[in-house]
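Residue numbers (numbering that gives the first Met the number 0), protein chains in the order written: chain A, 0 to 574; chain B, 0 to 367; chain C, 0 to 366.
Hints are computed from structural coordinates only; laboratory data are not their basis.
Take the hints with a grain of salt, since some may be wrong.
[Stated by the list, open to error] So the derived label-pair ranges between C-beta atoms look like this:
| no. | chain 1 | residue 1 | chain 2 | residue 2 | range |
| --- | --- | --- | --- | --- | --- |
| 1 | B | R199 | C | K32 | 55 to 63 Å |
| 2 | B | E365 | C | T227 | 39 to 47 Å |
| 3 | A | R20 | B | V191 | 15 to 23 Å |
| 4 | C | T13 | A | M105 | 53 to 61 Å |
| 5 | B | V191 | C | G336 | 18 to 26 Å |
| 6 | B | D32 | C | E192 | 47 to 55 Å |
| 7 | B | Q132 | C | G297 | 27 to 35 Å |
Beta carbons are placed, not taken as given, at the ideal position from N, Cα and C, and that holds for glycine.
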Amino acid sequence: MIFSRAINRDLARLEGKGGFRLDRLMIIFCYVALITVTILPLFMIFYYAFWDGTKIDIATFKLVIFQKSNIRCMWNTLVIGVCSTALATVVGVFFAWLLGRSDIPMKGLMKFLFSIPFMIPPFLAAMSWDMMFSGRGGYVNKALMSFFNLTKPPFNINSVAGIIVIEVVYYFPFVYMQVVSALERMDPTLEESARIAGASQSYVIRKITLPLTIPAISSGMLLVLITSLSNYGIPAMLGYSQNIFTLPTMITALMDRAGGSFEGVRQSAALSIVLVFIVSIALLVQRRVMTRGRYDIIKGKSMRPMLIKLRGAKYPLLAFSLVFLSLIVVAPIVMIILVSFVKAYGLPFLAENLTLANYRRIFAGNIMVRDSVKNSLFLAFSAGSICLLLGTMLAYVIYKIKPKGGITLEMMAVLPYSLPGTVMAIGCILAWSGAFFGITLYNTIWIILVAYIARYLSYVLKSSSAALQQVHVSLEEAARSCGASHMQTLKDVTLPLIKPAMISGFFLVFLPCMRELTTSILLYGPKSRTLGVAIYQLRINGQIAPAAALSVVTITLIIICNNIVKAITRDKKRG
Amino acid sequence: MHPARIVLRGCRVEKVELKNICVSYGEHAVLKDFSLTIEPGQIMGIVGPSGCGKTTIARAICGFIKPQQGTVKIDGKTMFSHEDRVDIPPEQRYIGVVFQDYAVWPHLSVYDNIAYPLKKRRLSKEEISPQVQNALEQVNMVGYEKYMPSQLSGGQQQRVAIARALTSSSDFLIMDEPITNLDAKLREQMLVEIRMLQQRLGTTIIYITHDQEAALQLCDKIVILEPDGSIAQIGSDEEIIRNPANRFVFQFIGVSNFIPVVVEDGKVFFDLEKKILFKSLIHEKMPGPKAMLGIRPMDIVFDDDSPVRATVAQSVFLGNMYNYFVRLPGMEIRVQQMVISENAKSYSEEQEVGLAFLEERYFEREDA
Amino acid sequence: MDQIVLEHVTKSFTTKSLGTVVAVKDFNLSVKKGECFSFLGPSGCGKTTTLRMIAGFEDLSEGSIYLDGRLVSDKKKNIYLPPEKRKLGMVFQAFAVWPHLNVYDNVAFPLKVKKCPNSEIKKRVALTLHHINLDGLEKAYPSDLSGGQQQRIALARAIVVNPDVMLLDEPLSNLDPRLRESMRFEIKRLQKEFGFTIIFVTHDQAEAMALSDRMLVMNMGNIQQIGTPQELYHKPVNRFVYGFLGQSNFTDVVIKDGRAFLKEDESNLLFAGTSLDLKGDYVMATRPNAIELNRQDGYRTTILKRTSRTEFMEYLVSVGKGSIIVQTPHRNFFRVGDQCFIKIKEPKWYNPESKDIEEERKRRNTI
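One chain only, chain A, in its complex shape (with noise of 0.2 Å):
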């Protein structure tokens, strides 16, 4: 609305001289913070994929392109996007019907058992697939052969099916979570009146029900297929040892065997380039189904829709959901810990083979496996307090002092949440290594904390503006006119009230770098190596039992922050 931005600046200038100061500078520090950020890295990809040292040069970025391995890569890395999205929404959306729609027991068993895959890593969960389904000895694997008498392996995880259903089973919450919210929100009046008009229970669903909840599918849709498009862990750990990559793990190891040469680095440059094309494609086309309308579909009245009676069906449908469930969420976590018992990998499970010995080795032995612990806490500590602040700075400036670049301001701040991972993490490399200024940040652990700022500013950003929104312009104005200044204003009433959604902010950042991969992979020097990456390494070093102590322990120390979290909120929202 053009008046009340008017209004505001009316109301933001009325400092006198010194508040007019204040908002300049708050604007311009937000510029710098993100050109440097967020513009620099990406800047560099193009200029190291398309300028040879002298002048513009396509042949070296068309040779990688179509160098057959790459190709390869790129086919794979669709076809498992692909595959992944379609069949997480089938099963996303059928288990939120099932729980939000229906009259089956047990939904709040079912809706805790959902909530525990956000919190393990996926490069963890596939670590322990792995472990039971590898071609090459997996546990359960071992199990079937033996009790079916088979010759071969009946189960190969390590394979781009095994890769697809690791990630629908990861993945598919994200879809399930935006319906179910659409379908428990939904106005029942619109499917009672479609009743009234004639139509029966399923036709009510097909042409009433299901076509509002299109914005909710398609926006789950979307963030799996961007996650899966990204993702480093899952085809790591299952696609390694059989030459299977796609895109973020081909662009790794390219980084990795060059060593630092200009032209590996350029083609890690290029395939990033082709890993953004293919991402800004799928942003794209969501914009398309978006604009369609996002229809407001929610109650007034708190009235609860007609639930679907099961009958017949219940109990069977009952008894599959629990065993998916227990399948996806229980099996893995007990993998992981049978094996972090166990004093080497492949033992069977008896009680002679069991040990105490990982953990101990973990705990007190290793220096590297300390340090990580310590770097991620570090890490994961700095970048949820420094995207706090600037993010709710960000937050401020273009929601409330609305300056005339507002938009360019979100853009840049929103635009690394849907980069890959990877990507940020070869823009850092490529930015600060001596590039500007002479400041070089490799190998330190300076480079993974710039990018985990880019990489999970937006985070921050979007929960700060949706509080700040909501603190309507009338509350400030009526500390004004009750004989609060501005700042008075900003301390009284603003920061109160967007103070639960600023720590959920903060710990928005904090999870996500504990349990990270993709990025630090890629930035990790001798002394900076983050949780994740130490599990990779003793993985690949073969030492998988140590590999499994760690991941327990990594989990737990997830589990109990992410408890906290909700224990802090749910007394902000008492308060």
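Got chain A; can you put chains B and C on it based on the hints?
Just chains B and C, lined up with the frame of chain A:
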């Protein structure tokens, strides 16, 4: 600069003056050369259709908007002057403001909400507590000190907002549509309470609304604004209803009938599809040979002896009155009749009736 | 012909916070074909629940419902016809127009469900849109249209299948006050043109009286009175109906020998001419509009307060130490402090009431 003003009972703001205020948003001029004086100790209503600039006036007085021209003075002291480059920020103007959406801070208790203005003025705890209690008494919310706003109903939140405005300034309040978000019964009650509060404290109140009913009920004086922001009339409810200054004010209150009339041969006729004899004498107040007769539905009565005949098109029973739609040749007019008794005569559709007109007013006709 | 019959319909349910609540108690009603019938009552009185039972969205706890002579709901006989088979038209309070379909598809939906051929659908939708004054808007989406237009889409969608019965749930409360009157006329006009029976639910007594041929007043699950608007307004059976149907004054009096005196001052004669059966303490109920205010004769009083309303003037006049409200046209003008007279026209007499009823109503409002 105002010294820290401690709220005293009976201390009156002298008057509030706006002179030549101009406010534009880009190309769109909302207020043009607007001037108004508000006398102390009154409830002055500023009423007008949406977009007429009434909220802009309030915001200019509070200091949330900087007009392009003009001056704002409270108590003879200049709050804003474009010429003299004076612009006192809102927190130093000492006005109590009640917002449409209450704007009660959800993270502070009722007590802290009301105490806030006093805290900002650096009063001590011992000084604050009795004033908060006093404010709570004024709005009938004693005992709610520890409640959080989320535990209160809309009406209770509104009362907290009023109490907070009182501690900010019990001399001068601005209320912007404070009751629109409440349901009908509660609205009535709040209007009565606001009136009683004002009578007890002698506060000067500016009451902004589009709701004519509320303004008529509550305000000592009403300023009616035309859609372009100019003042149509300033007057008491009696003056506005009985002596409307122009056609806009006349039709602003309730729903009115307008019948074109024409003078021929010294007699007044309804100028419709047919000419109907209305009166044999010319009313002195007619603006010309052609005019518009303005008449309220309640001022038309059924009279079997009247020469003016019409047909009832529709009859609607509303309990305390009947709404009739009556057909004259070429137009339909509204007639309202209070239901005095069960056995009062009512008229049904297609019945032929005679009409008598009381309290006529004449206005100009566009096509005259 | 009785189109809709409810016999001994009862609905009770249990909530965690309040225990068992009887929302509708022993509800008996027959609505005739072509009538416009309204359910009027405060929120929580059970009127919407009853409507939803007629529609089939709620099951009965006891009793039976017949539509057009056919038994559609009966708990004892375990009969329950689902909503889609009841051939009713229904308009919901928040319109419930489908946002993902344009106007044409919204209105065509019931016909598509019936599998009507496309050509017929086109004809009937065009006709209905014309009747409702929505021509030309077929391709528009609800989110582009105003509240009044969305209301008409909801009406068109209900009418397009020519139902015999239309159920309207608070149809006008979500509309701008200025729009409500014109919508009232629309609904009446449509009823005349299409000839359906209407049952509608509202809490607004003016709306109910303006629209209905007959109506009922409900309170806390019980029907208080059924009749025409005039019957209910002029001959209410109890104090609740009296108070609900319009503004009222209640004054405590003592009646002796056909004369009513103020209870607080038994020498103060208010009204002469009550029925001779009445003796003792009563509450005198009067309508503000049914009191004559003049300067000539009657009960002597003083103007205490004047409130201007948009359509009439309201005066608070002194009655002993208390007061009553009088409403009179603007031209009948008095100033505060004027001495004048009132003539009370047709008071009603009720027994003094208990406070428990007020408590129970508050409890139900939390549901």
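Hint check, failures only
3, 4 and 7
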